[in-house]
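Visitor: What follows is each chain in one-letter form.
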Amino acid sequence: MANRGLPVQQQVADTCLELMHQELVDYVIRTHGKSQESMYLVLENIGFTVGQRLIERLTKERQKELLFKETLDYIRFLCKEFWTDCFRKPVDSLKTNNKGLYQLKDNAFRWLRHIAPNPPQAAAGQYQRSPYDHTIFPAGLIRGALYGLGIQAVVEPVLGKTLPECTFNVTLKNN
Amino acid sequence: ERAFERIEKINAELFTMTYGATVTQFLRDNNDDCDAVNKLLDNMGYNIGIRLIDEFLAKSGATPCRNFQDTAEVIAKVGLKMFLGVTANVASSIDEPNVYSLLIEENPLNLFVELPEELRGKLWFSNVLAGVVRGALEMVMYRVESKFVKDVLRGDDVTEIRVTLQELLREKFEGDDE
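Protein chains in written order, with the working numbering: chain E, 1 to 175; chain V, 1 to 178.
Mixed in with the good hints, there may be bad ones.
Partial list, derived from the structure: chain E residues whose beta carbon lies under 7 Å from chain V [unchecked claim]:
1. Q11
2. D14
3. T15
4. C16
5. L19
6. V25
7. L54
Not everything, but these chain E residues come out facing chain V in the computed CB check (under 10 Å) [what the hints assert, rightly or not]:
8. V12
9. T31
10. G33
11. G47
12. D85
Hint data in this document are derived by calculation from the structure and do not stem from the laboratory.
Cβ coordinates follow ideal geometry from the N, Cα and C atoms, glycine included.
Chain V on its own, in the form it takes in the complex (with noise of 0.2 Å):
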């Protein structure tokens, strides 16, 4: 919430519509080839997580996580909350301490959008999400794979993104320091 505050804001349609017009122009370029926007969409994501993760350390005040599970909660109740505006709920079992949904109930990227019908079952809308997720992620070192697995727009209840961590990654040193 506090990060949130001390963050400086714009206008949310600016940014909605910005988007919008980036995933048409995706789209426009790839012959509306959902697969290959959803690429694109993610790996926008990813250059923008890797980057975004900066500001948040810097400024969100978050604790460390201890572990995987940890960092859901805090991409769902500061992350996002301190970009975006909006927070999510954490859905995880404790059989699949590697696995976690974030479940967001109002995304900003889908303020004004409808999907065309040839569209809706295959074009991940908002994928740029799960980019940030994964880029931000491998950044504190997990690495993951991010992916929508439901999305309002697509007529689902909710919109879900799967976080499923694959690697703990390890700072290597290399060279001959003594």
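Chain E with its partners taken away, still in its complex shape (with noise of 0.2 Å):
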């Protein structure tokens, strides 16, 4: 069910997506690393904007099934068909507190994989780099997407006590 539909030219091999991330991560450190809040701002932005574009082309096709009538059932599919084509496997655990917060665990998150656990010791004056700055377009990337099925929501990555472990909680607005 992995990538159901898409014909074979339409993908292109992971690891493209996995470095590029990285670089861009890096990237933004080397531009922006002065705040780190202007630099996660700078990575959140340009993943919400991708997951809302991407999200709009996914649902193109499937208008119909995705007539949903609860919140929750939008959440779902994020999980399961969104997930699985960004990170190649739904979401490990979807839990709710029925008030307007998400949990979404993933137990082996693709894009830490390759992370290192603890980064070597900054220099001084430098960016202190740590796993975390690599959920932060992850993170942007779903609250477009739930942006683009009409959900307004703020999403907080938590990283899992190992590495890859990483939760996404998603707190829904004026619900």
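The task is to assemble the complex, starting from two chains supplied on their own in separate frames and drawing on the hints.
Guide: Next comes the structure, spelled out in structure tokens:
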């Protein structure tokens, strides 16, 4: 079911994207790394734009199927279809408090697989890197996708105890 | 072909869009200075290339190249296929054994792209590819200059990367081993 319907020429090697994402994070650290806040803002924004555009393409052919009533169904769609398209596997567990908080847990988050859990100590005045840097773009991606589905939310990544485990907390806005 | 089947793949649109967003960010950070962005993209490609070659050597099953011209065929038919799912044609001439061109007909990076008028003629949108080729070849001891000379996004009929061999690198062994 991973790539249902997608013709082969519309696929590329996963490595390309993974390396590109690492380069992107690297670039943003180099250019905006003075403040973590502005750096994360840039990365999150890029992710958001991509997520929004991507979900538009993904849902185009499936408009009928996607007439869900419940927000939960949309979140499920995100966990399965969207996630598989982007990260080659569905989310491992989905929890909700039924008050607008959803926890999407991925036991082996794709883009953290090759990231060192403990980056070397940065020189004085330099940005201290962290695996967390690599979760900002995906968080934006998810927020963008939800936005495209008509759901406004805040997405906050939380690194798991052991990498590459990672949880994304999705909190709905005014709902 | 087989290498591409074996490798783990994802939705090309995500890749294309992420790349597009990256280029946009580069342009924004550099006030649309295309020269600077071309350089950044090339550099990004280089960094990717020097790591991508590992996966290529491990999984492609390509036979070793005997000379520089061989690398053209391998990049065009195996490398591009394996990573981007497309192939390229090679143009070279016997008079110039140290130069070849990769002619790419379908470039997945271009998928949703149309360059605005003011950037056309200045920006090499897919310049990352040139960097990847340069980085990857350097790891197999060919120092090359690799650059775009044509791009369909600029209205050319084909996308062309010209690769020029500059130096054959030799392994250097230092130290006083006996």
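Visitor: Does each hint fit the structure? Answer for all of them.
Guide: To see whether the hints hold, each was checked on the structure:
| no. | hint | result |
| --- | --- | --- |
| 1 | Q11 | 4 Å, holds |
| 2 | D14 | 4 Å, holds |
| 3 | T15 | 6 Å, holds |
| 4 | C16 | 5 Å, holds |
| 5 | L19 | 5 Å, holds |
| 6 | V25 | 11 Å, violated |
| 7 | L54 | 6 Å, holds |
| 8 | V12 | 5 Å, holds |
| 9 | T31 | 6 Å, holds |
| 10 | G33 | 12 Å, violated |
| 11 | G47 | 8 Å, holds |
| 12 | D85 | 4 Å, holds |
This entry does not satisfy hints 6 and 10, going by the numbered hints stated previously.
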